[in-house]
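Protein sequences, first through last, are from chains C and H. So the first sequence is numbered by this note's numbering: it starts at 15 and just counts up by one. So the second sequence is numbered by this note's numbering: it starts at 366 and just counts up by one.
Treat the hints with caution; some may be incorrect.
[What the hints assert, rightly or not] Non-contacting residues of chain H with respect to chain C, defined by C-beta distances greater than 10 Å in every case (computed): (1) 417; (2) 445; (3) 462; (4) 463; (5) 484.
[To be verified] Partial list, derived from the structure: chain H residues whose beta carbon lies under 10 Å from chain C: (6) 393; (7) 394; (8) 397; (9) 419; (10) 423; (11) 433; (12) 441; (13) 442; (14) 443; (15) 444; (16) 452; (17) 458; (18) 460; (19) 461.
[As the list claims (entries may be wrong)] Rough simulated footprint, nothing fancy, chain H against chain C, three-plus residues with beta-carbon under 8 Å: (20) 92 to 102; (21) 196 to 208; (22) 273 to 285.
Everything labelled a hint here was simulated from the structure, so no lab data went into it. Don't be surprised by glycine CBs; every beta carbon is placed ideally from N, CA and C.
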Amino acid sequence: MSRFRPAALLVLALPAASACVSLAPRSRAPSPQASVVPGIPLMTFAEDRCGAGSLALVLSARGASHPVEELEAVLPEVEGRGVLSVDMLLAARSRGFDAALLTGTPRSLQRELAAARPAILMLRLLDAPGERRDIYHYVVADGADPSRGLFRLQYGDGKARWARLASIEDGWKAAGHALLVVRTREETDAVLARAMTLESERRFDEAEALYREVLEVRPYSVRAWVDVGNVAAQRGRRADAEAAYRRALGVDADDRDALNNLAWLLLEGGARLEEAESLALRAAAPPGPDRPRAQDTLGRIQLARGRCDDAARTFREALEAEALADGTRAQLQEGAAQAAACPQR
Amino acid sequence: MMKRSHRLVLPLALALGLGASLPASAERIASKPDAPSAARASDLARVADAAGTGEVRLALGALGLTPSEVDARLAQLSDEDLSRLAGNLDQVQAAGAVPQYIWILLAIFLAVSIIIMIV
Chain C
15 MSRFRPAALL
25 VLALPAASAC
35 VSLAPRSRAP
45 SPQASVVPGI
55 PLMTFAEDRC
65 GAGSLALVLS
75 ARGASHPVEE
85 LEAVLPEVEG
95 RGVLSVDMLL
105 AARSRGFDAA
115 LLTGTPRSLQ
125 RELAAARPAI
135 LMLRLLDAPG
145 ERRDIYHYVV
155 ADGADPSRGL
165 FRLQYGDGKA
175 RWARLASIED
185 GWKAAGHALL
195 VVRTREETDA
205 VLARAMTLES
215 ERRFDEAEAL
225 YREVLEVRPY
235 SVRAWVDVGN
245 VAAQRGRRAD
255 AEAAYRRALG
265 VDADDRDALN
275 NLAWLLLEGG
285 ARLEEAESLA
295 LRAAAPPGPD
305 RPRAQDTLGR
315 IQLARGRCDD
325 AARTFREALE
335 AEALADGTRA
345 QLQEGAAQAA
355 ACPQR
Chain H
366 MMKRSHRLVL
376 PLALALGLGA
386 SLPASAERIA
396 SKPDAPSAAR
406 ASDLARVADA
416 AGTGEVRLAL
426 GALGLTPSEV
436 DARLAQLSDE
446 DLSRLAGNLD
456 QVQAAGAVPQ
466 YIWILLAIFL
476 AVSIIIMIV
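Input sequences plus hints: build the corresponding full structure.
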């Protein structure tokens, strides 16, 4: 590899460019407590391949082998600029990973590295006069040394640099503190499962924090949106719950859980019962194991609206289901009794 | 006075009626894990609706992408992605290329250095 490195070029070009340059930081000595993502290699890639190279490095640490050449073929270069941060995000997702482009902080970077997940930072190396001339570079953070406030960075030159984030702050800040985090689906599922456990233990704040962590990297998860709504509803934060259920419906307009739980929320609120019934009707329409629950919601709304005959019919149909959990059956029978007793208004 | 009484009685009656129709054991459908393939297909029709789309569209366009190239990317981003990016447009950037002018500056610098060394 006889090609010049960008840092060398920038140093040489500095006097003529009258520009602001951020060079790779000098490495400091880490403490014995420093840790590096297990198995991650020190990687060298050509300077115009830092997008594909850094993503290949991160994905390899996640157990997936995607050669630089393969990623380069799907990461189109914006002429004279390189690979878009957005394309890096989409490339990770299209390879079956959960990913997010976040506004990074020392804490969020520490969170990733503590879980042995390397992350990609985008840095501005050169702030050149005029537009469209700045030079940006992707680097991989793959280790942390909390006791000395150091992070290990790979610039793609085969060297590991232990540095404080302060030493790259100017360049990182100029790139909006862009931090690309990548997780395997199994890791995200585990976080979701942990959140559900916390919710069942009524540790709602912790559960919601984890649900939202899931949504960071998996924003299309209807389940996680519904789960966030459920936590918010249980905390009495009705507006937040409604927003979360509606967001779930934005991803999948026919999701039974979101339709039913939003209908239930509106019923509890005692207003907008017409909309609640419309939602519950949609929730109760398709077959499936949760259909009786949605029919129960529909029947309750019809009762609240004074439509006792409709409610009676809804509860009766629900009770005809072949497999009903005891709790659901009792609930439906109780609703049917209410419907039979209520005078048609 | 009569009207005021009605205002008080009506919500109370509604509340009592609702209370009767909501069983103590009733719950919303409980939280669940994700489906095996929780992913979202591209939705070009949705692009125009999401908040932050306009800002991100402009930022991508300023980098030299054509409208169709911009749309192709916007269609794959979630509302949350778009909102996050719109709130921090510095992240909409490309990295990894050494522009042509760097090579020209380098050539000039080397030429000047050689001349100085000779002279």
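Where does the structure disagree with the numbered hints, that is, which hint numbers, in rising order? Of the numbered hints given earlier, those the structure breaks are 2, 3, 4, 9, 10 and 11, listed in rising order.
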